[in-house]
Amino acid sequence: MNTKKVRVRFAPSPTGGLHLGGVRTVLFNYLFAKHHGGDFILRIEDTDQTRFVEGAEAYIFETLKWCGLEPDESAIHGGPFAPYRQSERKPIYKEYADKLIAAGQAYYAFDTAEELEVKRKEIANFQYNHATRMSLKNSLTLGEAATQQLIADGVPYVIRINLPVNEDVTFTDMIRGEVSFNTSQVDDKVLLKADGMPTYHLAVVVDDYLMQITHAFRGEEWLPSAPVHILLWRYLFGLENMPQWAHLPLILKPDGNGKLSKRDGDRLGFPTFAMDWTDPKTNEVATGFRERGFLPEAFVNMLAALGWNDGSGQEIFTMEELIAKFSMERVHKGGAKFDYEKAKWYNSEWIKKMPVTSYQLQVAGLFKEAGIDVSDDVKLVKVLELVKDRCTFLNDFVQQASFFFKAPETIDIAAIQPKWDEKKNLFFIELIKAIELSSSFEAADLELAFKEMAAANQIKPGELMLPFRIMLVGGKFGPHVFDIASIIGKEETVSRIKKVLAAL
RNA sequence: GGAGCGUUGGUCAAGGGGUUAAGACACCUCCCUUUCACGGAGGAAUCACGGGUUCGAUUCCCGUACGCUCUACCA
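Under numbering that gives the first Met the number 0, the final residue of the first sequence carries the number 503; numbering is consecutive throughout.
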């Protein structure tokens with residue numbers, strides 16, 4: 000039945016930074032579209048002018064770019080269905096709302112927000128629905144003439160959907176199977192607001208139709224309003240043209256239950272946004288995965304595994320593999336608690352997997368920020384290769400490798416002092432001489448010479464290696480000590496030994 | 001309160017009528033490494049509970065419990 004080209008959309012409202020859940024929704028949309036050779040559309044749902052946030056839209060585009068999830072059509076990429084901002088499509092929606100009114104499937108309502116507020120306080124569980132609408136101020140109770148008069152007088156109004164009573168609305172969700180709702184349980188949602196803008200409910204349906212969307216994926220929080228959308232499709236465009244729905248499971252907070260929020264990240268010390276987001280009103284900065292030192296490949300991989308897996312046990316996927324293997328049927332029904340430890344593991348795996356040259360530039364920037372000169376590219380690459388196994392974040396490289404470029408500022412003297420004696424002191428003095436005289440400074444040669452000298456002095460090499468390491472590195476960490484010496488060079492090695500010898 | 005959705009080790013999860021119920025993260029132990037990591041080996045689940053259906057149920061059906069989402073002129 001479906002020979003149409005697959006077209007999916009992600010439709011964020013530009014009200015702030017894009018968090019984990021949002022990016023995952025993008026990812027699943029993108030993977031599904033690309034798997035089927037289809038298009039991924041980004042539509043900006045900015046129908047609520049009161050929630051507009053400066054910079055949010057640009058942030059969304061930059062996030063997608065960083066993740067490698069570029070839209071085929073959008074407000075900045077262009078496309079045959081422009082405009083892609085709902086605020087720029089305002090006149091379109093009214094037309095459809097009028098159509099619904101004419102068919103009796105919607106009605107004008109004049110109740111003010113204040114009046115409804117009072118109702119909600121007076122009546123427990125108040126809903127604007129079949130049970131209450133005949134006692135409220137709307138075109139159903141006022142009659143044609145009075146309604147037209149109010150409109151002519153410029154009284155503000157909204158347009159609400161006129162839901163049928165006691166009717167089961169059923170649809171098939173690609174993840175959950177058959178889902179059904181009774182219309183008596185849902186309320187007469189506002190379709191067109193008093194400012195003439197549509198609400199989400201009208202806008203999604205109209206734009207999904209106009210933009211020829213074939214599959215509509217969104218978070219599970221939308222499930223309860225699905226019957227409204229289904230009905231709108233039936234009234235306006237026909238169920239046979241409706242996209243297939245999939246409601247994605249939620250990403251939950253790691254402790255306790257409930258949707259993951261920015262607050263949880265702040266509280267537990269991990270990012271929830273893809274990239275740093277500065278709130279333009281408060282200037283508060285929410286740190287992002289990117290700035291924490293995550294590789295986009297790792298971020299995407301981790302997100303894909305949150306609610307989906309291919310059943311094979313494979314954990315590490317490239318974007319190409321994800322596209323090839325993704326299917327909506329293998330998406331979980333239940334929500335998944337976000338696990339930052341696992342996210343970190345993905346990043347360390349990707350740091351090991353990627354060629355160091357792919358993140359060399361970014362890491363060089365990090366070193367520069369720390370005031371360390373890493374202009375020697377050959378050396379940088381060699382060093383990165385040597386320490387990448389012990390880095391979880393890109394930022395770890397600074398801590399793990401700065402001693403290759405700069406003598407350590409603090410030396411863990413306490414780690415050598417207790418077992419220090421004159422014999423060892425003499426050994427290192429002798430070592431300095433030997434190094435100065437040697438022609439080669441290869442790690443293997445140095446190691447051999449070091450061990451022979453230790454034997455000649457009747458000291459176990461093990462007792463000398465730790466002091467040597469601390470002289471060069473400053474602490475008990477880092478790759479093989481002779482590799483370090485070889486890379487930093489003769490002169491620097493001697494200088495660092497002398498410095499610590501003097502301090503002992 | 002109502003409606004909807006969900007429930008396999010601490011977490012992510014495979015499996016889906018008959019299995020020793022995969023694997024990964026984290027944690028612990030050991031090995032490797034004369035540092036720290038990496039790597040390797042080992043360690044944990046009466047599949048929320050109660051009823052059915054069945055020769056047999058973690059898997060199918062019905063309840064119960066628990067959790068979550070929604071219940072705005074927000075998305």
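Do not take every clue at face value.
[Unchecked claim] Label pairs and their computed distance ranges (CB to CB):
#1 Glu53 x Ala101: 31 to 41 Å
#2 Lys280 x Gly237: 21 to 31 Å
#3 Gln211 x Gln361: 17 to 27 Å
#4 Ser439 x Gly54: 48 to 58 Å
#5 Pro417 x Asp254: 40 to 50 Å
#6 Glu220 x Asp254: 13 to 23 Å
[What the hints assert, rightly or not] Computed list of lysine-lysine pairs in DSS-like fashion (alpha-carbon distance at most 30 Å, straight line):
#7 Lys64 x Lys4
#8 Lys475 x Lys418
#9 Lys136 x Lys98
#10 Lys378 x Lys489
#11 Lys118 x Lys136
#12 Lys381 x Lys475
It should be emphasised that the hints constitute simulated quantities derived from the structure, not laboratory data. The structure displayed is predicted, hence computed values, not measured ones. Glycine included, every Cβ here is placed at the ideal spot set by N, Cα and C.
Do the hints match the structure? See the list:
1. Glu53 and Ala101 have their C-beta atoms about 39 Å apart, which keeps the hinted 31 to 41 Å range intact.
2. Taking 21 to 31 Å as the suggested C-beta distance range, the pair Lys280 and Gly237 does not conform, at roughly 44 Å.
3. The beta-carbon spacing between Gln211 and Gln361, approximately 39 Å, falls outside the hinted interval of 17 to 27 Å.
4. Checked against the hint of 48 to 58 Å, the pair Ser439 and Gly54 passes, with Cβ atoms roughly 57 Å apart.
5. For the hinted restraint 40 to 50 Å between Pro417 and Asp254, the CB-CB distance of approximately 42 Å keeps it satisfied.
6. Between Glu220 and Asp254 the beta carbons are some 20 Å apart, a value that agrees with the proposed interval 13 to 23 Å.
7. For the hint pairing Lys64 with Lys4, the CA-to-CA distance comes to about 24 Å; that is within 30 Å, so the pair holds.
8. A C-alpha spacing of about 15 Å is found between Lys475 and Lys418, which places the hinted pair at or below 30 Å, so the restraint holds.
9. Distance hint between Lys136 and Lys98 is fulfilled; the C-alpha atoms sit about 21 Å from each other, no more than 30 Å.
10. Distance restraint check for Lys378 and Lys489: the Cα-Cα separation of roughly 15 Å lies within the 30 Å cut-off, and the hinted pair is therefore satisfied.
11. Taking the CA atoms of Lys118 and Lys136, the gap is near 12 Å; set against the 30 Å cutoff, the hint holds.
12. Proposed proximity of Lys381 and Lys475 is supported: the alpha carbons are some 21 Å apart, at most 30 Å.
In summary, the structure is inconsistent with hints 2 and 3 from the numbered list given earlier, while agreeing with the others.
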